[in-house]
Each structure stands twice: as C-alpha cells, then as structure tokens.
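Work the whole structure out from these sequences, hints included.
Listed here are the chains, written in short residue letters.
2 protein chains.
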Amino acid sequence: MSSDRLDNIFSALADPTRRAILARLALGTTTVTELAEPFRMSGPAVTKHLKVLERAGLIIRGREAQWRPCSLDAAPLKEVRDWLEHYRRFWETSFDRLDEYLQEVQTNGDHDGQDKN
Amino acid sequence: MSSDRLDNIFSALADPTRRAILARLALGTTTVTELAEPFRMSGPAVTKHLKVLERAGLIIRGREAQWRPCSLDAAPLKEVRDWLEHYRRFWETSFDRLDEYLQEVQTNGDHDGQDKN
DNA sequence: GCCGTATAAAACCTTTAAGTTAAATAACTG
DNA sequence: CAGTTATTTAACTTAAAGGTTTTATACGGC
Numbered sequence: 009m010s011s012d013r014l015d016n017i018f019s020a021l022a023d024p025t026r027r028a029i030l031a032r033l034a035l036g037t038t039t040v041t042e043l044a045e046p047f048r049m050s051g052p053a054v055t056k057h058l059k060v061l062e063r064a065g066l067i068i069r070g071r072e073a074q075w076r077p078c079s080l081d082a083a084p085l086k087e088v089r090d091w092l093e094h095y096r097r098f099w100e101t102s103f104d105r106l107d108e109y110l111q112e113v114q115t116n117g118d119h120d121g122q123d124k125n
Numbered sequence: 009m010s011s012d013r014l015d016n017i018f019s020a021l022a023d024p025t026r027r028a029i030l031a032r033l034a035l036g037t038t039t040v041t042e043l044a045e046p047f048r049m050s051g052p053a054v055t056k057h058l059k060v061l062e063r064a065g066l067i068i069r070g071r072e073a074q075w076r077p078c079s080l081d082a083a084p085l086k087e088v089r090d091w092l093e094h095y096r097r098f099w100e101t102s103f104d105r106l107d108e109y110l111q112e113v114q115t116n117g118d119h120d121g122q123d124k125n
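Protein sequence lines, in the order shown, are assigned to chains E and S.
By the working numbering, the letter at position 55 of the first sequence is numbered 63, and the numbering carries on one by one without gaps.
By the working numbering, the letter at position 87 of the second sequence is numbered 95, and the numbering carries on one by one without gaps.
Don't take every hint at face value.
All copies of an identical chain are treated as equivalent in the list; a pair is satisfied when it fits inside any one copy or across any two copies.
No farther apart than 20 Å at their CA atoms in a straight line, the calculated lysine to aspartate or glutamate pairs in the DMTMM-like style are these [as the list claims (entries may be wrong)]:
hint, residue 1, residue 2
1, 59, 15
2, 56, 45
3, 59, 90
4, 56, 15
5, 86, 62
6, 86, 23
7, 59, 72
8, 86, 45
9, 86, 12
10, 59, 93
11, 59, 45
12, 86, 42
13, 86, 72
14, 56, 93
15, 59, 100
The hints are simulated quantities; they were obtained by calculation from the structure and are not laboratory data.
Here's what the structure looks like:
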C-alpha cells in the first residue's frame, strides 16, 4: 500500500465535515443536497469535500437522473486498520491501558507489575 | 472524544514524514537529530513535524542535557481504532473482502474460495 | 423548447501547512 | 568563559486547503 494512498485517506479523515458525511453514508446512499443539509456551508463546498472523499476511495458516486448519489466504500478504512495494527502493542502497554494488556497476554497471577518509568 | 482531537490525530498521520517518525520511534526513544537523518529536510522542519505529533499526543518529549528525546505515545491511535470500529462491518461486507467476512462469521466448512471477478 | 431542480466548474479569497535560512537558546567541554 | 553540539524560534516563501459567489451543465416535467 503506497504512502500516498495513506496520505489521501488520512487527510480525508482529518476533517469533521467529511467524517460526518461518512457517518451519514453509513446509514445509506443519499444525494449531495441531503448530505449538505446539516452543514452551514454552500453546496460547492460539499461537492469539494466529496471529491476529497472520492479521491481517497471512501465513497462511490452513482448517476441517477439529475442526482449523483453517494455511497460509502469502507475498504480504505481497512487499510487504516491494518496500518494501526503495527502499533497495537504500544497502546495496549501504555500506562492507562495496562489492565487490558494484562488480560490479553494472560500471564499467571504473580508476574510483577513492573513498567518502564 | 472531541472532534478536534480526531482532527489533530488524523492530520498528524496524514504526512509520510510523520508516519516514518512514528515508525522509527516504535523502535525506541531517540533524539531529534537522529530522527531527522533519514530525511532530506532541515532540522527546523523536523522540529515542526514533532510539534504536530506532540499536539496530537502521539509523542512525548523528554529533556536530557542538550537533547530533547522523543518517545512514542500510541494512546491516540487507540482512539482512531475505536473510531474505525464503527465502520468495520462496512469493510467486512464489501465486495472484494467478502471472503474474509465469510471466514470471520464462521460459515460452514465448504464455502468455496470464490471471489468477485 | 423552456423552466425548475441538482450538481459541478471557475474564479477568487483567506488561512494554514510545510518547507527554507539565519539567529537564538541551552547545555556540555575544555 | 569560549567553543561546540543540539534544538528551537523567527521571519519568510510557496503551495494547498477550505470556503465563498457566480456561471455552467444535465436532467425531468410541462
């Protein structure tokens, strides 16, 4: 998976409007106008956000009369998940997640609780 | 988890230099100069990237003589993972991931390996 | 063919991101 | 204290992001 690809995906996700659009699309395919409705923002602005999401592969656009329906394509999110997995052990072992870690590794009862400090 | 927080995390991750820095820090704490070495980029540029990572909570900085060691803090990545989980079912059911989905839901043993084509 | 609706494109503005170089700060070393 | 190393700050440049308004395109209904 190319670096550029992750660049596009992460920067698409870095905007709250775009994440809200994805959340809406998780409920089902809809039109640009309906997507735009919750935002105090012009239509063209939404069109631009959709372009960013499309470039990241996160949405697919159809064509139905004068509407261009958008639907979610979550495949890129799986790539993000896969990238994240490399770091899983780090958040699992971080201070406030130590308990989760202990559950996961299933050590015996008397391993010492020593951590880096 | 506030929207701003995810904004910061995602935009910190949207740059390949910063992701490379995180990858390096996964190997252990190190200094700014050593972090800068692999990149054809001035020191101050790296300092800026570190500021972005720090603002996102992804690194922690120490102080040791004239060095300012950086270490990874992956806790924000867990927030990303949690956010992603909302979309898990979408990538699992998407066309080209159908096989994985079938494995996961534990259908009977003779589902063939057919994929879209 | 013309009108209304849905969407996109163009042109523009403002802010922020990412880099640069040069100067400043901080800490060790002799 | 002067010099060297590590890092940050300041000032600046360039380009991209995110918004605007105005204009164009595409389609369905009359």
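Okay, the hints, checked on the actual structure:
no., hint, in the structure
1, 59 to 15, "both (15 Å within a copy, 19 Å between copies)"
2, 56 to 45, "within (15 Å within a copy, 37 Å between copies)"
3, 59 to 90, "neither (24 Å within a copy, 26 Å between copies)"
4, 56 to 15, "both (17 Å within a copy, 18 Å between copies)"
5, 86 to 62, "within (16 Å within a copy, 26 Å between copies)"
6, 86 to 23, "both (19 Å within a copy, 18 Å between copies)"
7, 59 to 72, "within (18 Å within a copy, 46 Å between copies)"
8, 86 to 45, "neither (29 Å within a copy, 31 Å between copies)"
9, 86 to 12, "within (16 Å within a copy, 23 Å between copies)"
10, 59 to 93, "neither (28 Å within a copy, 24 Å between copies)"
11, 59 to 45, "within (17 Å within a copy, 36 Å between copies)"
12, 86 to 42, "neither (27 Å within a copy, 32 Å between copies)"
13, 86 to 72, "neither (29 Å within a copy, 39 Å between copies)"
14, 56 to 93, "neither (31 Å within a copy, 26 Å between copies)"
15, 59 to 100, "neither (36 Å within a copy, 24 Å between copies)"
In the structure shown, a violation is registered for the earlier hints numbered 3, 8, 10, 12, 13, 14, 15, in ascending order.
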